[in-house]
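Be aware that the sequence shown starts at 1, since it is given in my numbering, and climbs by one per residue.
Think of the hints as simulated: they come from the structure by calculation, not from any bench. Small disclaimer: the values here were computed from a predicted structure and weren't measured. Ideal Cβ positions, reconstructed from N, Cα and C, are used throughout, including at glycine. Do not rely on the hints blindly, as some may be mistaken.
Here are the simulated SDA-like cross-link-like pairs (lysine to any residue), alpha carbons at most 25 Å apart as the crow flies [claimed, not checked]:
hint, residue 1, residue 2
1, Lys125, Asn115
2, Lys92, Phe157
3, Lys71, Leu177
4, Lys159, Gly79
5, Lys257, Lys71
6, Lys92, Ile36
Pair ranges (Cβ atoms, derived) [to be verified]:
hint, residue 1, residue 2, range
7, Ile8, Leu255, 44 to 50 Å
8, Gly158, Gly17, 37 to 43 Å
9, Phe114, Asn66, 38 to 44 Å
10, Gly225, Val245, 28 to 34 Å
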Amino acid sequence: GAALATIIGQIFTFLMGLNYIRRFRSIQLKKSDYKIHFHSCKKVMGLGISSFITQMSIVIVMAVINNLLTKNGALSEYGSEIPIAVVGIVIKVNQLVIAATVGIASGAQPIIGFNYGAGNIKRVKQTFRCVVIVAEILAVIAFAAYQLVPVQIISIFGKESGLYNQFAELCFRIFLLATIFNGFQTVAALFMQSIGRAVKSAVISLSRQIIFLLPAEFILSSILGILGVLWAGPVADILAFILAVAIVGRELKILEKEV
Numbered sequence: 001g002a003a004l005a006t007i008i009g010q011i012f013t014f015l016m017g018l019n020y021i022r023r024f025r026s027i028q029l030k031k032s033d034y035k036i037h038f039h040s041c042k043k044v045m046g047l048g049i050s051s052f053i054t055q056m057s058i059v060i061v062m063a064v065i066n067n068l069l070t071k072n073g074a075l076s077e078y079g080s081e082i083p084i085a086v087v088g089i090v091i092k093v094n095q096l097v098i099a100a101t102v103g104i105a106s107g108a109q110p111i112i113g114f115n116y117g118a119g120n121i122k123r124v125k126q127t128f129r130c131v132v133i134v135a136e137i138l139a140v141i142a143f144a145a146y147q148l149v150p151v152q153i154i155s156i157f158g159k160e161s162g163l164y165n166q167f168a169e170l171c172f173r174i175f176l177l178a179t180i181f182n183g184f185q186t187v188a189a190l191f192m193q194s195i196g197r198a199v200k201s202a203v204i205s206l207s208r209q210i211i212f213l214l215p216a217e218f219i220l221s222s223i224l225g226i227l228g229v230l231w232a233g234p235v236a237d238i239l240a241f242i243l244a245v246a247i248v249g250r251e252l253k254i255l256e257k258e259v
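I would like the entire structure built from these sequences, with the hints used as guidance.
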């Protein structure tokens, strides 16, 4: 039933889009406009690869973390089921914050891209600064919630007690300890995308989930066990933040010379 509803919704959206195209007044589309131009596709794919990498890396990271939680959880007092259930919820909760940050940064992309193309670097920097401030305010609010009311958050998804709540509290407070830095890193990746720096955007997107988090998970879990799986989170967040600051800082200096 849910799958059928999804298909019907997609078909309806597609038909609405076709109807909207027919009503264009300022733009007239011809049959030749629907031909695939590989040069344009290359540019579009280059700018969109960052978001694709982010989504795919989440899948890979979740698979690795679940395996490590099963292995190390079985050797701890929490068992293998509690860590998998809790970490899954914690990551989903944090993804809501990241999704909001992505939405804010995506909304600024047209402004940044237009002004960059027009050579108005001052406006580009002002917009970037504004988005970073808003994203970091959101990150600080999320950080405060994770540290102060972790049990209350986890209870939204079902009330448990004992070891479940104990591990949930640890997970929020340790795994998301450095979530305050996520706002800048997320905005930085989309900022690079906005000014056509596809490779740098991809590097920033890959840094947290793949470049830093996966090695940290294997190394720290082998040393600290189940707690090492959790401590890998803030380690990756901090390292990804440092890398993003370095890349963006260098890029802003380059933009300054273009004024």
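I'd like to know which numbered hints this structure contradicts. Please list them from smallest to largest.
Of the numbered hints given earlier, those the structure breaks are 5 and 6, listed in rising order.
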